[in-house]
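Peer 1: Here is how the chains run, residue by residue.
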Amino acid sequence: MSLVFESFSRRDLLRIAAGSWAGIGVSSWMSGLLHAAEGKRPHKACIMLWMGGGPSQLDTLDPKPGHANGGPTKAIKTAVPGIEIAEGLPKLASQMRDVALVRSMKTGEGDHGRASQLMMTGYKPMGAASNYPVLGSLVAQRLHVSGSPLPGFVSIAPFRLGSLGPAFLGPKYAPLQVSGDSRDPNARANLTVENLQSTGTTAASLADRQALLQLMRGQVPAGSAAGGKHAAIYDSAQRMIETQGEGAFNLNEEPDALRDAYGRSRFGQGCLLARRLVERGVPFIEVSLDANANANWDSHVNNFAAVRTMCEVLDPAWSSLIDDLRQRGLLESTLVVWMGEFGRTPKINTAAGRDHFPDAWSLALAGGGVRGGQVIGKTTPDGMSVKDRPVTAPELFATMLETLGIDSSSSNQAGDRPIPLVDKGQPIQELIS
Amino acid sequence: MYWVSRIPGSMQLPGFMALCWASVLCMLVDAPAGSAWADSRGDELALWLNERGAQVWGPPPAPCDDLTFARRVYFDVLGRSPSFAEIDDFEKLNSKIRRQLLVEQLVFGEGPRQVQYQRQASIQFARQWRHVLLPNGGAMPGASSIEGWLAQEFREQTAFDEIMRRLVTGPASAAAATGPVTGSAAAAAQYYQLLGGLPENYAGNISRVMLGVRIECAQCHHHPFTAWKLGDFWGLAAFYSDLSPAAAAKPETAPAVGAIAFQGVSYPAKLLWSSEPLAGADRPSRARLARWMTAPENPNFASTVVNRFWQHLIGRGLVPDVENLDQATGEGRRMLDEFGQRFAQDGFHVQRLIAAICKSNWYQAVSQAEPLSADDFYRPLKAISPEQVFDAMEQSLHLPISSLDPQSPRWAGGRVQLISRLSESSGRTPDEYSAGIPQALLLMNGQMTEEAASLERSRLLRAVVDNPFMETDTRIETFYLALVTRRPTTEEVQGIHRFLESKPDEASRKAAMGEIVWALLNSPEFVLCR
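These protein sequence lines are chains S and H, in that order. The working numbering puts the first residue of the first sequence at 1164, with every later residue one more than the last. The working numbering puts the first residue of the second sequence at 470, with every later residue one more than the last.
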C-alpha cells in the first residue's frame, strides 16, 4: 500500500471516495432520479406516518355527527362522492381519490406498549420469549439496495419504545434516527442526523482522515468478520459525511412555497424530508407525530381541542406529501400509511376526553398501487363496534407488504427457526385489486 | 461421587437416568463443599486446558506478542486499556514470566495497585454478567443496581454457584416478605422486575443463563427441534407462581403454590429432565430449585458457567452456541463438561478460573479470521463494550476524572451520551461488531473525539506535541502505545511521515498530529481487541 499524502484537493477526495466504493460511479440516488427521468419504474418505498398515542377515529376518519358519541365534530365532503371525513382534515379531503380508508380495525390491544408492539411488528406481544422485527426493518431487509450510501430504514422525529427494533434481523436494519436540534416542539423543524457535521473539518482533512484510517487498518486479520464490518460501517459513515446524506437533509433546496405547504412544523418538514429520502432510494421512512404545542393524540382530557391542534399540523403535511409524490410520479411506487397503535373510545368521558379503544378504529393508506377513493369496513352508528369487514393487524401487514412487492407468505430465518413475515393474515384484496 | 461426571445433554440421556439424577439431587441435604486445591493461581488448570484442548483441536495457533497479550488482559480483566506506566512496568518484567505475573497482578490484585485493580476487576466481571443475565445487554434503567450487587459479590470472592443460587431463589412474594428488602434479596427482586415481572420470563431466562438451554419456545408450543414440552417450561415457571401479577392482585383465586395456569391447564412445579412433578412442592420449593440448578452434579450448570467465562475471555464459547448446550455433542462438549467439573471441584472460584483461562495457550493465541470449519479453534477479534470504549478513551486520552472538574466527561454527561448511543447497537456476543452509522458518526464527529483531536483542548496531544525533547517518531509511537497498545509498523511510520511532510508549514504539521489521534481513535484496533 502506498498512499501519497501530497496536495489533497477536492478532486482527490472524490477519487478516494469513489475508490472505496469499488465501482459505484453514479450514486444510487442519482440513478433513482435518472430512472424517473427515463420513465423507468422507480423502486418501491413506504412512508409510515406514525401517530403515537392513538388518534381519535371519530374526530378524523370516521366522524359520527348527529350521534352523542360524535361530539361536536362535523363531517365534510371529500373529492370522492359519498365519503366524508372530519372537518379538521379539509386538505386531505381534496386528496381522497388516492386515499383508501380502513374503518374496521379490530386489534384487541389497549395498552400503549403492547398495542405499539402489535401495530409496529404485526405480532401480538408474547412476553420476553418472542421478539419480532418492526415493519421498517422487515422492509429494509427486503428492499434496501446493497451499497447504497443511505440506510434502508430512516426514522424521523422518532417516537420509539426501547425494545422495538430489528430484533433478529440485526442492527444493520435498525433505523437511522433523524431528530431535531432542539427539544422545543415549536422550534424543532431543523432536522439533522446527529454528528453528521464535524466543526472545523474541511474537505482536505476529510481526505486526510480517510487515508490515515486506511493506513491503520493494516494490522487487522484479513477476512475477519468484525474487521470487515468495521470498515463497511466507516465507509458508509464517511460517505454520509462527504455527501451530507446525499444532500437529502438540505431542505433549503426546496422552494419556500412547497416548504410552507407542508407546514413549518417538525412533522411537516419531516414529511418533506421523507419524500427526498424516497427519491434517494431509501425504502422505508417513518415520520412520527405524537405531540404538537400543548396537545397530543392520547386525548384522555379535552379530546376535541387536542385533535383540532394536532390536525393543524397533520392536514397540510399529509396532503402535501400525497400531492407532491403524485406530481413527481412517485405516488404509484410509494405507499403512504397513516396510523397509530389504536383508536379512542366513542363514548366521551367526563373530562371531555376519549380513552384507549382497539375494538373499532381507523387508518388510511395511499399510493403504492393501493386503490384509493374507497372505504374498507364500517362501524356501527354509535362507533362501538365493527359492523362490516373487521381487519386485523396481520391482514394489514400482509396488505402493506404485498403493495411493496414483498411476498407476505414468505419467512425470515431466526437462527434455525423460520419466522413468517406475517402472523397468519391474508392481504385485503379490495385494496390491492 | 461423580457418577454423572459427564452427561452429554438431555437428548442422549435415557429418561430413567434423568429421573434418577433429578431425584438424587432433590434429596441432597447440602451440595458437597469444594475440595481445596493446591492450584491457588490456576496454573494446573491452565496446563490441563492446554493438554485437553490439544486433544480436541490439535496444536494451538501461534502465540500473540506481549503487548497484544497485555492489551487483552487489561481489557478483559480491568475493562480498560493499560496506561503508559503500566506498559512500561510490564515490559520491565522478566520476559519469561511476565505474562503469568501480569495475570496474577490483575486477577488477584497482587502488587502496589491492589485496591484499584480489585475494584476495577469486580466491576468488569459484574458488567459481563449483567450483559449475560439481562436482555439487550442490560442497557435498561435499573440494571445498574444488579451490576452493583454483582460487583460486591465478586469483590468478596463469593463462590459463583452461591451468587447464582441467590438469584434463582428469587424475591420473596409480597405475602411472605417481612421487613425491608436488602442485599441479595433486593437484587433478586430487581432482577425479577427487569425481566418483566412474570414467572414465565424468569423461568425462561434463568434456564437460558444458568443451564445453557432455551426452553422458551415451549412457552407456547412443544419445541420442534428438541424435546422441550409445555410441561417443562411451565413446570419451571410454576416455581415462581406466587410472584405472578395475578397472584399479587387476587391472592384468594391464585393457583396453589407450586402450580401455574396457562390456557386453562394447570402445570405443577417440575425440574427439567424429570418427568414427575416435584414432590411436596408446597414446601419452600425455590430453595430446592436453586440448589438443584447450581449443584456440582448438574451437567449443565458448571459447564455453562465456564463456557460463559471462556466466551467472555476468548471471544467465542468453548462450545460456541452457549445457549443451546443440549444440542452440542462431540469432543468439545466432553471437554467443556470436564472443565466444568474441575471448576465445581475447586469450589466455583471465579478468580482462579479466570487466571487459568488467561494463562492457557488458547487465550494467548494470535487472533485470526474465521476458519472454514466451525469446529476449529480460533481467537476472533473482540468488540469491546460501550463502557470499555469510554474507559479506554478516558485512559488513553488522559481525560480528567475528578467529579469536581466540569471538563470531566465521566461526570459532565459525555460518558452517558457515549454509552447510551453505543448501547443502542451492541453485539450479542463478544466477537460480533454491530455498530451502525450513528455509532460510527459519534466516534468520528462527537464532542469527545473533537476535543481529543484539538491541539488546544487535548491533554494527550499537548503532552506529546508541546514536549520539545520528543522526536517525531517518538511522538507517533506514543500515540500508538496510548491508543492501541502497540508500536507502529515501519510502513505506518513511513505513511505518517509522508502525511506530515505534505503539510506546508510547522503550524499545520502540528495540527496534523490531531489527525493521527483521530485516526487511531477510529481505527478498527481501538474498538476491536486484537
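It is possible that part of the hints are untrue.
[Claimed, not checked] Below are the SDA-like pairs computed for lysine to any residue, each with C-alpha atoms no more than 20 Å apart in a straight line:
{"id": "1", "chain 1": "S", "residue 1": "K1335", "chain 2": "H", "residue 2": "E901"}
{"id": "2", "chain 1": "H", "residue 1": "K972", "chain 2": "S", "residue 2": "K1335"}
{"id": "3", "chain 1": "S", "residue 1": "K1287", "chain 2": "H", "residue 2": "F731"}
Calculated from the structure, these hints are not laboratory results. Being a predicted model, the structure only gives us computed values, none of them experimental.
Peer 1: It remains to establish, for every hint, whether it holds in the given structure.
Peer 2: Results of checking the hints against the structure:
1. K1335(S) - E901(H): Distance ~12 Å between K1335(S) and E901(H) Cα, so the pair holds.
2. K972(H) - K1335(S): Violated, at roughly 38 Å.
3. K1287(S) - F731(H): Distance of about 17 Å is within 20 Å: holds.
Hint 2 from the earlier list is the only one contradicted by this structure; the remaining hints agree with it.
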